[in-house]
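Visitor: Single-letter residue listing:
2 protein chains.
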Amino acid sequence: MTTKQLVEQIRTKKSFLCIGLDVDLNKIPQHLLQTEDPIFEFNKAIIDATHDLCVSYKPNTAFYEAYGIKGWQSLEKTINYINEKYPEIFTIADAKRGDIGNTSTMYAKAFFEDLAFDSVTVAPYMGKDSVEPFLAFKNKHTIMLALTSNEGAFDFQTKIVDGEELYKKVLQTSKSWKHSENLMYVCGATKAEYFKEIRKIVPNNFLLVPGVGAQGGSLKDVCQFGLNSQVGLLINSSRGIIYASNGEDFANAARNEALILQKEMEVILSFN
Amino acid sequence: MTTKQLVEQIRTKKSFLCIGLDVDLNKIPQHLLQTEDPIFEFNKAIIDATHDLCVSYKPNTAFYEAYGIKGWQSLEKTINYINEKYPEIFTIADAKRGDIGNTSTMYAKAFFEDLAFDSVTVAPYMGKDSVEPFLAFKNKHTIMLALTSNEGAFDFQTKIVDGEELYKKVLQTSKSWKHSENLMYVCGATKAEYFKEIRKIVPNNFLLVPGVGAQGGSLKDVCQFGLNSQVGLLINSSRGIIYASNGEDFANAARNEALILQKEMEVILSFN
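As they're listed, the protein sequences go chains A and B.
So the first sequence is numbered by our numbering: it starts at 1 and just counts up by one.
So the second sequence is numbered by our numbering: it starts at 273 and just counts up by one.
Please keep in mind that the hints were generated in silico from the structure rather than gathered at the bench.
A hint or two may mislead.
Said to hold, decoys possible - Examples of chain B residues toward chain A, derived with CB under 7 angstroms:
id	residue
1	Ala334
2	Lys368
3	Thr375
4	Ala382
5	Ala395
6	Tyr397
7	Gly399
8	Phe409
9	Gly424
10	Thr430
11	Val433
12	Glu437
Claimed, not checked - With a cut-off of at most 27 angstroms between alpha-carbon atoms, the simulated DSSO-like pairs for lysine-lysine come out as follows:
id	chain 1	residue 1	chain 2	residue 2
13	B	Lys381	A	Lys109
14	B	Lys316	A	Lys109
15	B	Lys431	A	Lys109
16	A	Lys196	A	Lys178
17	B	Lys450	A	Lys159
18	B	Lys410	A	Lys27
19	B	Lys381	A	Lys77
20	A	Lys140	B	Lys342
21	B	Lys299	B	Lys316
22	B	Lys535	B	Lys357
23	A	Lys200	B	Lys431
All residues carry an ideal CB built from backbone N, CA and C; glycine is no exception.
So here's chain A without its partners, still in its complex pose (with noise of 0.2 angstroms):
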């Protein structure tokens, strides 16, 4: 998918909302895990209830692996049935890959080719050769780990390096990398502060904010220093919305949080 076509959607759809599935059995209606995949199950269910209403849906892969190849087997029709039913659709393998320039080769095969994905995360750790490998694949995405929303972010995120913190140090020197372009990053809500620092540095690019929601950070914040012309986001939202309800109902319940989100999203939009 091209980012035009993301743009398009999300014009469409007055929305620029994407839905982690992070499917935990413990956390799913009980009367799912009679069938024969509840995870499957499970996301087709708050697939075909928010298709309208989100742009993207964002596997972590961590939930597919802790079930072996059966989790890997729910990935993989998780996978299809967005790209055959709902081919509009935005999709991010959130799998923080990154390794050797010839593996990382291989990770972006995995998700590129054998799964299908429009985009993937990453980490930067690793630096240039670990990433371009990703890059160069064309109408693909590489969401690379900016800032994150977690409490370690503290730990090295924020550290000083040549006088400016890590991630902004990762932000501009990712600028140079062969087919930057295809890169988007990953900037937690949980400090809408620094988005107006994040913008001066990558004022093009797409961020995919984890965050919203549970992890306590402000729709509208972010959208005050994070949009742009392009709009520019990607706001996540997965626990808040996937497991609104454990009854009969979920994926009702479901629908519900993501208007709730659509909505607020449809008034920022209209006054930018």
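Mind docking chain B on chain A? Use the hints.
Guide: Coordinates of chain B only, in the frame set by chain A:
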């Protein structure tokens, strides 16, 4: 496996060799492609031919994920084969994972419980709460990236943070984390002169050292500065061993390459 058991294995085998099982279908002997599971058949032959010369096997998960569910099955069969036939071997899932707390717990379950690896590699960028969930597993080991052997290591890892290189900050900071006794570190062999500094910060931890052989590092140089009283080193070689030949003699050729490294290690251990 406890660290004590690992050290005993090293003393018995007179080897601290780790063999990387980075299996690429384009590089393995062509006659294996006719078997039902070429990746597993390849690994099985390599393992049977080298298990007495090495103390550890390290499949890199990227090479398995690239083949989707079939690849994940090959990985599962490989780890089960090692655990059943050669239970003394220290197994490493080279996965370079790392995510927010509850998600890292899912990854830890995937590799420590579902696949029953002894250890997993993790990335440090997201800090303390992304690594501690791995450290909580008893008699399991978490091998954190510190200084990698690729060119991109110089993008961020060697940059100065609070008066010291980032990789030193990572080593130092991680010592205060809960159950840090379960930490090992990835330190690349292409920069043997750094091992003196690394040992000042983490004198007792095991270091997993890639970059010997194909990537140009010297075993002797690394040992000079890296060995400690418990040996404290696992030297990895992947391509140099497993792709020594792509003919029908591939397993024997791999054994010969492993034997050369083991003999060199035997001499080094006799002086230490």
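Visitor: Taken at face value, is the distance from the CA of Lys109(A) to the CA of Lys431(B) at most 27 angstroms?
Guide: violated, 31 angstroms
Visitor: Tell me if Gly424(B) is really an interface residue toward chain A, meaning its C-beta lies closer than 7 angstroms to one of theirs.
Guide: holds, 2 angstroms
Visitor: Identify whether the interface hint at Ala334(B) stands, where standing means a beta carbon of chain A within less than 7 angstroms of its own.
Guide: Given a least distance of 4 angstroms, the restraint on Ala334(B) holds.
Visitor: Are Lys450(B) and Lys159(A) close enough, with their CA atoms no more than 27 angstroms apart?
Guide: holds, 21 angstroms
Visitor: Report holds or violated for the interface hint on Phe409(B), using the least CB-CB distance to chain A and a cut-off of 7 angstroms.
Guide: Violated, because the Cβ-Cβ distance from Phe409(B) to chain A comes to roughly 13 angstroms (cut-off 7 angstroms).
Visitor: Let me know if the C-beta of Thr430(B) comes in closer than 7 angstroms to any C-beta of chain A, holds or violated.
Guide: violated, 10 angstroms
Visitor: Are the Cα atoms of Lys410(B) and Lys27(A) separated by 27 angstroms or less?
Guide: holds, 26 angstroms
Visitor: Given Thr375(B) was flagged as interface, is its beta-carbon under 7 angstroms from a beta-carbon of chain A?
Guide: Holds: closest Cβ of chain A sits about 5 angstroms from Thr375(B), inside 7 angstroms.
Visitor: Hint check: Lys299(B) vs Lys316(B), CA-CA at most 27 angstroms. Holds or violated?
Guide: Within the cut-off at roughly 16 angstroms; holds.
Visitor: Does Lys431(B) lie within 27 angstroms of Lys200(A) when you go C-alpha to C-alpha?
Guide: holds, 22 angstroms
Visitor: Given the proposed pairing of Lys140(A) with Lys342(B), does the C-alpha separation stay at or below 27 angstroms?
Guide: Distance ~24 angstroms between Lys140(A) and Lys342(B) Cα, so the pair holds.
Visitor: Hint validation: Ala395(B) versus chain A, beta carbon distance must be below 7 angstroms. Holds or violated?
Guide: holds, 5 angstroms
The structure shown violates the earlier hints numbered 8, 10, 12 and 15.
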